[in-house]
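Participant: Chains A and B, in that order, are what the protein sequence lines are.
To convert, note that position 172 of the first sequence is 172 in our numbering; the numbers rise steadily by one, no gaps.
Basically our numbering = 1-based index in the second sequence + 1000.
In short, the hints are calculated from the structure, not lab data.
Some clues are possibly wrong.
Derived DSS-like pairs: lysine-lysine, alpha-carbon spacing no greater than 27 Å straight-line [claimed, not checked]: (1) Lys26/A <-> Lys49/A; (2) Lys1228/B <-> Lys1162/B; (3) Lys1156/B <-> Lys156/A; (4) Lys1026/B <-> Lys26/A; (5) Lys1026/B <-> Lys49/A; (6) Lys1162/B <-> Lys156/A; (7) Lys162/A <-> Lys228/A; (8) Lys1156/B <-> Lys1228/B; (9) Lys1162/B <-> Lys162/A; (10) Lys1049/B <-> Lys1026/B; (11) Lys1228/B <-> Lys162/A; (12) Lys228/A <-> Lys156/A.
Over 12 Å on every C-beta distance to chain A, these chain B residues come out as not near it, computed from the model [what the hints assert, rightly or not]: (13) His1015; (14) Ser1044; (15) His1211; (16) Leu1220.
Source: prediction; values computed, not measured.
Backbone N, C-alpha and C fix where the C-beta goes; we use that ideal spot for every residue, glycine too.
2 protein chains.
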Amino acid sequence: MFDVIAFDADDTLWHNESIFTMTQVKFREMLSSHGPEVVDQTLSSTQIKNLRHFGYGIKGFILSMIETSIELTDGDISGSEIQQVLDFGREMLVAPIELLPHVREVVEELSQSYSLWLITKGDLIDQETKIARSGLADNFSNVEIVSNKTAGTYAKILTQHKVDPLRFMMIGNSMRSDIVPVVQIGGHAVHIPYTTTWEHEQDHPHVDSDHYSDLDHIGLLPKLIREKG
Amino acid sequence: MFDVIAFDADDTLWHNESIFTMTQVKFREMLSSHGPEVVDQTLSSTQIKNLRHFGYGIKGFILSMIETSIELTDGDISGSEIQQVLDFGREMLVAPIELLPHVREVVEELSQSYSLWLITKGDLIDQETKIARSGLADNFSNVEIVSNKTAGTYAKILTQHKVDPLRFMMIGNSMRSDIVPVVQIGGHAVHIPYTTTWEHEQDHPHVDSDHYSDLDHIGLLPKLIREKG
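Please take these sequences and the hints and turn them into a complete structure.
Facilitator: This is the structure:
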């Protein structure tokens, strides 16, 4: 029934949001005289303001932390504190990739019977090095790194590879990026929530379709695919 | 004779290096107590050290400038100076795209007879917004944004699109990224030097091939293609 099964990467195959969350804890501590809510709110609004120019990814996050720290202190931040933020960033960039439970078995099993793709949003070099470090790269016949995941993005990729949306399944943790646009173009989508999802991703239209399923964890995916097939 | 004619973007279709050069002048002025050579050398070695993690692009350049300013001042840099560096970055990100002479006419003329591609190295969101702002996007049937341009990169793209290297021509300003790898896989390549090229790009093996041409400017390209065809 499916020619291609595509996976989102961050927070679907491996932990990602948790690395940002842990860094933000350290950032809050560094600016502890300002109160955690103020730091979080200022960082969040700086990130959203910068998204159009910076895109998603670690480098943009570091730059937004630096900008936030200058704004909150009215410029009264030291070079060594800024250096600390740069160091947070470097730690994020080399953080080991922790696969989510069941991911390795499921990806290896499905790769025996299906063309598997990765379709991931973010910074090109961040994503490439994460895929390489994940140890999963050989299971994927196609990797698409995109700046945004809209219905148009998916339609373009499927047309380019001559894949019928009816024979395409996308698996991911974000309703807005992985599920809604895929169902809109007639594909199948499986939502597997991650423990935390960035608030900016949670705003999405309602989905009501036979082509949409919810799973508690990725270990249940092979059974779902057999049932649909 | 050619099925696809592909162009590099930065410093082949539009000015790019000059935006970095102009920013570096301002950065040098900001750190004027340290002497221009020291600033340039420290920035250059910081950039090369960071390249593996940051990749090419404006965000990585901003982060390297910030790191350089902290290093050169032993941490004695003010928040407002760091803010100045962030502002340099923001100016770079929204700088208007200045096409090089003859580019618009040549691209529009060739798009009548050939599939034109863009193959560009760099930061995903930087490159996407530059292509959009260039006003040239409609002339290209395929845009590939890659983190590095090796023979393997080109081979993979051509295989994916089922294009014979013998019927592929690449045009660009970098011997190392646009010419050498394309000639290595059996394609045709046309080198059009830009006035300045980042020193890191200038180190490349010798090319000796019928498949390699040099042009003074892109206005001469249609004639060269007619002669080869």
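Participant: If a hint holds in the structure, say so; if it doesn't, say that too.
Facilitator: Going down the list of hints, with the structure as the test:
{"no.": "1", "hint": "Lys26/A <-> Lys49/A", "result": "holds, 22 Å"}
{"no.": "2", "hint": "Lys1228/B <-> Lys1162/B", "result": "holds, 22 Å"}
{"no.": "3", "hint": "Lys1156/B <-> Lys156/A", "result": "holds, 19 Å"}
{"no.": "4", "hint": "Lys1026/B <-> Lys26/A", "result": "violated, 32 Å"}
{"no.": "5", "hint": "Lys1026/B <-> Lys49/A", "result": "holds, 25 Å"}
{"no.": "6", "hint": "Lys1162/B <-> Lys156/A", "result": "holds, 17 Å"}
{"no.": "7", "hint": "Lys162/A <-> Lys228/A", "result": "holds, 22 Å"}
{"no.": "8", "hint": "Lys1156/B <-> Lys1228/B", "result": "holds, 25 Å"}
{"no.": "9", "hint": "Lys1162/B <-> Lys162/A", "result": "holds, 13 Å"}
{"no.": "10", "hint": "Lys1049/B <-> Lys1026/B", "result": "holds, 22 Å"}
{"no.": "11", "hint": "Lys1228/B <-> Lys162/A", "result": "violated, 32 Å"}
{"no.": "12", "hint": "Lys228/A <-> Lys156/A", "result": "holds, 25 Å"}
{"no.": "13", "hint": "His1015", "result": "holds, 19 Å"}
{"no.": "14", "hint": "Ser1044", "result": "holds, 18 Å"}
{"no.": "15", "hint": "His1211", "result": "holds, 27 Å"}
{"no.": "16", "hint": "Leu1220", "result": "holds, 32 Å"}
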